Amino acid sequence: MEFRILGPLEIVVDGRAVPTPAPRLCSLLALLLLRPHRPVPMDELIDGLWPDGVPQPAHPTRTVHTYVRRLRDIVGAGVLQTRGRGYLLAAEPSDLKAFRAALTQAAEDPARQVEHLRHALDQWRGDPIEVEPTAAIGLREERLTTIEQYYDARLARGDHADVLPELQTLSAQEPLRDRLIALVMTALYRCGRQADALSTYDGFAARLVDEFGLDPTDELRELRQSILTSALDDEWQHQNQLPLDIRNLVGRDVLVTDVVNLLTATEGVRIVALSGTPGVGKTAVAVRVARELTDRFPDGQWFVRLRGASDQPRRADDVLVELLRASGVDSHSIPDDGDARAALFRSRLATRSILLVLDDAQDAAQVRPLLPGTPTSAVLVTSRNPLDALAALDGGIPIRVPTLTPEASTTLIHSMLQATNDVEDLVDLCAGLPLALRIAGAVASRGSVAAFVSRMRRTGALATLAIDDDTAVSSAFQTSYDLLDPAVQRGFRLLSLFPGQEFAPDAAAALIGPTYDQVLNRLESASLLESVGHDRYLMHDLVKEYAAQLAAPDLDAWKSLCRWYVGTANAAMTVLEPGAVRIPMPSYDVTVDDPEAWLTTELPNIEAVAQRALELGTPDVAWQLADIVRLYLYEHSRYGTWRALVRLGELGAQASGDDAGRGAMLHARGVLARHTGATEEAIALFEQAAELYRARGFTLGEGALRCNIGVSYNAQGRLRESAKAFGEGLAVFRACGEFARMPRGLNAQAMNHIHLGEFREAVACATESLQHSGAHGNDRLVALVNRAGAYKELGNLELAATDLRNAEPLMENRLDGIQWGLAKAAVENRLGHYEDARRIATDVLRDSREIDNSYDTCISLQALADSYLHAGDVATARTYYEEGEALAAKSGYATVIAELHCDLALCNFLDGEVELAHAQATQALADSVEYGIGRQSARRLLARCCEALDRPDEAAAHQAAADAFCRQTGYVPR
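Our numbering numbers the first residue of the sequence shown as 116 and each following residue consecutively.
Where hints are given, some of them may not hold.
Stated by the list, open to error - Label pairs and their in silico Cβ distance ranges:
1) A712 x A986: 42 to 48 Å
2) A855 x P701: 20 to 26 Å
3) D967 x R440: 17 to 23 Å
These aren't lab readings, by the way, just hints derived from the structure by calculation. Bear in mind that the values here come from a model prediction, so they are computed numbers and not experimental data. By construction, the Cβ of each residue, glycine as well, lies at the ideal position given by its N, Cα and C atoms.
Construct the entire structure; sequences and hints are all you get.
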């Protein structure tokens, strides 16, 4: 038996509604249904059955008993039970339960939010029962709120045109609900009716003033302003990246219609994978489909070349960076971890409606991280491979694109040629392959079709085209190639040496020489080269493969390309990081207008050049490129690319036997090891690199390595050794007159002084760093952050805050934000602004984890814990301290471990565990042999513990030592 109250009261038995009892029994049942599974006192039942103004019977209690007996005959004694002086209904309204369960599902499953909300609203059959006015009002409000959520979700996925009439009807029925008015305004605006949206606001505002003397809410006024300024969707970057649609796409009408229908289905994320022979026209079909679906996906149409058929397929992680940027995500907000990027991408698309075209996929594994998670978007993939795994595991629908029929092939050729004779022979030779047909048509249009067919037959084209698909395409390429001028033929062959995909004219110039411009234009006109964007070219992988088979690699041209990449990358990094220490490279006469943009664009090609350099006997290029871009990759958290380049560089240095190269790669490996917390390994790598630098006389490199060793010692808590290493490194820079290279070492030395308790020396060190730093950049930011840290320990919070304000505009990347945020959180904690400190520390913790920076993760956890501890929440603070302690112990961060031991001891002291706190503080003191602040904190806590344990002499001794530290160093404790 079921009961339904979302509308007229219903009793359902075996799926069928049975006649309802008399009105007064219905009222009694409704009162009990509104309080399911709990006793309802007799007085409450009487008040509900006979509210104010309704005459009660002479004996209401006796009457209720009578109603109960009659109602039990209907619902059963096991359902309607006596409880003391009241009654309990052991059942609940099935429709209300289903309604609220659907709301919970909508909250937990945003990908199917619309479906769940629709199911919730379907439970309603009319106005709720009116037995109890307060309950009825509450249920009605739940329904209206759900209606608003439903239409909000529909608008979020782009259904504005479909829902606008329904929203206008609802707002007329509920004219004073500002949320409904907001939804109507949004729908009107997105339908291109900006004036009507503003008029709707004006009418609503006038009614509020006239009838109630009220103004619209802030949210509604803000929406009006957004509509007025056309800024309603500023955060989302609408993109239509589709390439030019081929005008004469013949023989594909049925296929295009089928794919369009599949991509507009209503269930699940729609994925269609087009596969087929190279040159069969998969991309052309995909672009035509996407063009026809532009209106169905209002939030954008994205086109991504995955280069799956090349020897350098694009990594899904890198593609996600491109897609997230296209959607409007700032580069510094993009996670370093691939899974995190994919999750962020799915989140960005959760309420959007976009069509994603993934062209030339290698396999399902390359595609899978790029798939949306909600059914509001669709994906169209092209690949040479069938992508069976995409169909098996991800619900993709595979479609093989066939060759053209003879009739369609003839139509295509006629659209390109004026001639009618010999067309049938040409169609036969091309075997229905669109790429071969188009190239043949382009070449034949410049001469006699008969002569062209004769030439193809003389070269064995018919036999080749009949054997396999790749060779069929090569035959068409051969014909086109034979008609090129010798100089253009040479340029065509040389371009096959380019190991990446898209390339700039300057790269072509390095390969081809002064005639590169004419070569590019001629190859583009012959359809052997494609222009993609401003000053970028793409040679199709099949065309490149064919060109590479024409002759052995021209090593002189290859070396020229390598010199251009090494020289240009070096020039770009010299502008971006003039103080960076790298192996000296030969000068190259080049100017880079936008170094950062060049590096971002060319990074995939740099990796491809390094890989190819190993294959073509120029291994030194691999380590040179890896060394040049080291600091760029570090500061932009591109650790995956960096590791890959370092692996190639190591192979290159070993093959060339170059000690400088081997040293540079050990240097890079050391920084990578330190980044992940492997400080002992980092020190060993730095020492090995230093020996190789010394053997090559690279003195500046030795200085830089001494500073890197100092950073690693510092992380281990070996502060005196760290200070010594930094001193040696800085001495090298001073002796060489390389003052511009000193700020990094000075900044790290300042941190040493802070840890040692030498705060005034830290201020001096940071100030000297500022004198040698430029007006902008990371070095200046770190110097200000470090000096702020020293001022904080000296109790000068005003100067600390000033330095942080000056540092904030200098942040350029995520690492900068982490360093600044940690210092800012520490100052806010010291000022007692715990909420601000907690917010900043939470953001920094997230960023540190996303780039896998274990040291900053530890410090972030500590800052977050401090904000809770000093606000009185010891339990939460303990959780974060313990997490930080575990990570610090795993990574060997001695100073951090000592601090966290003391922090946990303080937690235990505050919880009354004085003996345990005393033991932990004693351990922290022992761990802080060189760590000044750590020893001071441990001493102060030990004094408190000993006082609580009635050991006054020990307490006085510890307090005296803590006070002496403050006098000697100027330290001002919290």
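Quick rundown of the hints versus the structure:
1. A712 x A986: 42 to 48 Å: holds (45 Å)
2. A855 x P701: 20 to 26 Å: Hint holds: Cβ distance 21 Å, inside 20 to 26 Å.
3. D967 x R440: 17 to 23 Å: At roughly 21 Å between Cβ atoms, R440 and D967 fall inside 17 to 23 Å, so the hint holds.
In summary, this structure violates none of the numbered hints.
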